[in-house]
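Colleague: Here is how the chains run, residue by residue.
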Amino acid sequence: MRDVLKLGLVLMVICAVSGGLLAYVHGVTSEIIDERKAQEVADAMRVVLPAAESFEKLSDDELASIKADPKFVDVDEVYEGAHDGSLVGIVAKVQSPGYGGKISLLVGMDPDLTVTGLQVLGHSETPGLGANIAKPEFISEFIGRGGSHPLAVDKDGGEISAISGATISSRGMGKGVNLVRDLVNALGIAGGVGR
Amino acid sequence: MSPLTAFTNGIYKENPIFRLVLGLCPTIAVSLAVSNGIGMGLAATFVLVGSNLIISLLRKLIPSEIRIPCFIVVIATFVTIVDLTMEAYLPQLHQVLGVFVPLIVVNCIILARAEAFASKNGPGASIMDGLGMGLGFTLALAAISIIREPLGTGVIFAAPDLGFDGIRLFPAEYAASVVTQPVGGFIIFGLLLGLVNLITMKKNDKHGC
Amino acid sequence: MRQLLVILFSQALVNNFMLSRILGTCPFIGVSQQVETATGMSLAVVFVMTVASAITWLVQNFILNPLNMVYLQTVSFILVIAALVQLIEMVIRKSSPSLYRALGIYLPLITTNCAVLGVAIINYQANYTLLESAVSGAAGGLGWALAIILFAAIRERQRLAPVPRAMQGFPIALVTTGLLAMAFLGFSGFDVARFVGL
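Chains as they are written, first to last, in this note's numbering: chain V, 1 to 195; chain L, 1001 to 1209; chain B, 2001 to 2198.
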C-alpha cells in the first residue's frame, strides 16, 4: 500500500512540475502566437478587399443562421468591409471541393458581385498540377471578374482558363467563388445597398 | 563510456536512422526540403538532450515500476516546449511539419535512449549521447532531403521562415513531383539504406570480418 | 450517416494512415514478416485506435477545453493512451486468455505507434464530434490494417526472391512500401463525397 502511494506521489510530482513549466512557456509564447495569427488574418483581408479600411466579423449567431441553409454549410467566416461608414464588400472564408480534398479560400467581393481578391489558404491538390491553383497567375484569372454572371471555367463555356490537367481543381476554385457570390446575394447587400 | 564516444556513437556507428532504423515516420514524412529536415532534426535533438539530462538526473529517484510513464511525461514536456516555441517563432516550419511536431513524443529514438542510456549513465554522458543521436538524426534527415528537394521541386535550400526562396537548379516543370509524395520518400530512403549497407559491407570485407 | 461514410472512406483509403499520412511505420516494417502476426497486430491497432479516439475526445472536451489548457494536450493524450493500453492489456488477460495470447505481445508496442497519438490529434484538428472521432479512429486503424496485411503477404512471397545482399531486410521492405503507396495513390483522385451520394 505504501509503495502504491509512493509511486503515485512520484508520478504526481513529475506531472505537476511538467504542468507548471508548460503553463509558463504557454504564457510567454501564446501572446506572440495570437498576435501573429491576428496579423495574418488582417493582412489577408486587406489583400482580398483593398477598398475597405475596417472589417467587422459577423457574429456566431448571424453565421449560424446563414449556415442553416444547406447551400452555405461550407461558409466558415464572414467579414463585412467598410470605408467611411459605407459597406464596400465582404470577405468570406469558404471551403470548396477540389480533387484531393477541400480547398480553403478567402474571397473578397464587392456589392456588384465582382471578385476583388482571392487567396488559397489551404488545399491538398496534386503537386505540380492542381496545386497550381494557389499561384498568382491562376488567381489573377478571377480578380475583377464576376458582376452580372457566375464564373465558370473555359471548358464549361466560361471565361476562366482552367489549368491544363487540373480541370477539377480549377472548377473547385470557381465553385468557391460562386458560393460567395450567392452569399452576397443572400445577405441582401448586392447592388451596393447596405443592410 | 566516455562522453566523446557517446557523442560520436550516435552520428555514425549507431546512427538512429541509417543503422538502428528507428523513427521512420518523421524521416519519410518531413524530408521534403533540407530546411524541414534540419528543423525537425534540431527539434528532436533539443528533446533528446533535455529528456536525457532530466532522466539521468532523476534516475535514482524514479522507481523502476513507473519509469516508462515518468519518461513519457518528461519527453512530452520537452516536446510541448518545442511545439509552442516553434509555433511562435518559426510559424511556417511549424505549419509544414504539422502533426509530426507533437508526434516527436512517440519517436522511438527518444524513449529508446532514455531507457537504454540515460537511465543508466551520468548526466554528462547522457547529454553527449542525446547530442550525438540528435545530430545523427539531423544529418540523416538532411542527407535524404538534399536528394528529394531538388528532384521534387527543382529548388534547393528553400527556407520560407528565413525569407529565402532557395536556389533554382532547373525549372519546376521538369521536377518529378512524385518524389515529394510518400512513394518517393519510401523508395529513395530504401535505396539510400541499401547504399549505406553496401558501403559498410565493402568496408567489413576489407577488414576480413 | 453520410458524413460518417465520408470519414470512413477518406481515413481508411484516400488518406491511408500508413501509405499516405506515413504514420505507424516502425511496427509496419517490424511486424510484417507473416500475414498471421500482421493480422494480430492489426486487430490490436484497430481496437486501440478506436477506443483512444473516443477517450482523447472526452479528455479534450471535458477537461482540456473547459480548463483552457490545450497546451497540455500532448502530455495528457500520451499519458491517457499509455494508461489505456495497460488497462486493455489487463482486462484482456483476465477476461479472455485466448484473445490475450493473440494480442498480448503486440499491445505494449502500441503506445509508441504514432498512428494512435496521430489520430487523436488529427481528430482534434478536424473538429470531429465524439461519434465522428470514434469512426475516424476505427477507419484509420482499418486502413493501417489493410496496408500491413497486404504488405505481409507480399513479404512472404519476397522471401523466395533473389534480393541483392545490400538490399535485404529494411531497404527492400521500404522500396516495396513505396510501390504499395503508389498503388494507394490511385485513391487520391477518388471523390468520396460523390461516391456516397453526398
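Take the hints with a grain of salt, since some may be wrong.
Said to hold, decoys possible - Subject to a maximum C-alpha distance of 25 Å in a straight line, what follows is the list of computed DSS-like cross-link-like pairs (lysine-lysine):
{"id": "1", "chain 1": "L", "residue 1": "K1203", "chain 2": "L", "residue 2": "K1060"}
{"id": "2", "chain 1": "L", "residue 1": "K1120", "chain 2": "V", "residue 2": "K6"}
{"id": "3", "chain 1": "V", "residue 1": "K71", "chain 2": "V", "residue 2": "K57"}
{"id": "4", "chain 1": "V", "residue 1": "K6", "chain 2": "L", "residue 2": "K1202"}
{"id": "5", "chain 1": "V", "residue 1": "K37", "chain 2": "V", "residue 2": "K102"}
{"id": "6", "chain 1": "V", "residue 1": "K57", "chain 2": "V", "residue 2": "K175"}
Stated by the list, open to error - If you anchor each label on the Cβ, the simulated ranges turn out as follows:
{"id": "7", "chain 1": "V", "residue 1": "F55", "chain 2": "L", "residue 2": "K1120", "range": "37 to 45 Å"}
{"id": "8", "chain 1": "V", "residue 1": "D156", "chain 2": "B", "residue 2": "V2091", "range": "25 to 33 Å"}
{"id": "9", "chain 1": "V", "residue 1": "F55", "chain 2": "L", "residue 2": "I1199", "range": "55 to 63 Å"}
{"id": "10", "chain 1": "L", "residue 1": "G1124", "chain 2": "V", "residue 2": "D3", "range": "47 to 55 Å"}
{"id": "11", "chain 1": "L", "residue 1": "P1003", "chain 2": "B", "residue 2": "F2195", "range": "38 to 46 Å"}
{"id": "12", "chain 1": "V", "residue 1": "G144", "chain 2": "L", "residue 2": "F1170", "range": "30 to 38 Å"}
{"id": "13", "chain 1": "L", "residue 1": "K1120", "chain 2": "B", "residue 2": "L2043", "range": "15 to 23 Å"}
Hints were generated in silico from the structure; no laboratory data involved. Cβ coordinates follow ideal geometry from the N, Cα and C atoms, glycine included.
Colleague: Confirm or reject each hint.
Modeller: Status of the hints after comparison with the structure:
no.	hint	result
1	L:K1203 x L:K1060	violated, 41 Å
2	L:K1120 x V:K6	holds, 22 Å
3	V:K71 x V:K57	holds, 20 Å
4	V:K6 x L:K1202	violated, 54 Å
5	V:K37 x V:K102	holds, 22 Å
6	V:K57 x V:K175	holds, 23 Å
7	V:F55 x L:K1120: 37 to 45 Å	violated, 59 Å
8	V:D156 x B:V2091: 25 to 33 Å	violated, 58 Å
9	V:F55 x L:I1199: 55 to 63 Å	holds, 59 Å
10	L:G1124 x V:D3: 47 to 55 Å	violated, 32 Å
11	L:P1003 x B:F2195: 38 to 46 Å	violated, 59 Å
12	V:G144 x L:F1170: 30 to 38 Å	holds, 34 Å
13	L:K1120 x B:L2043: 15 to 23 Å	violated, 35 Å
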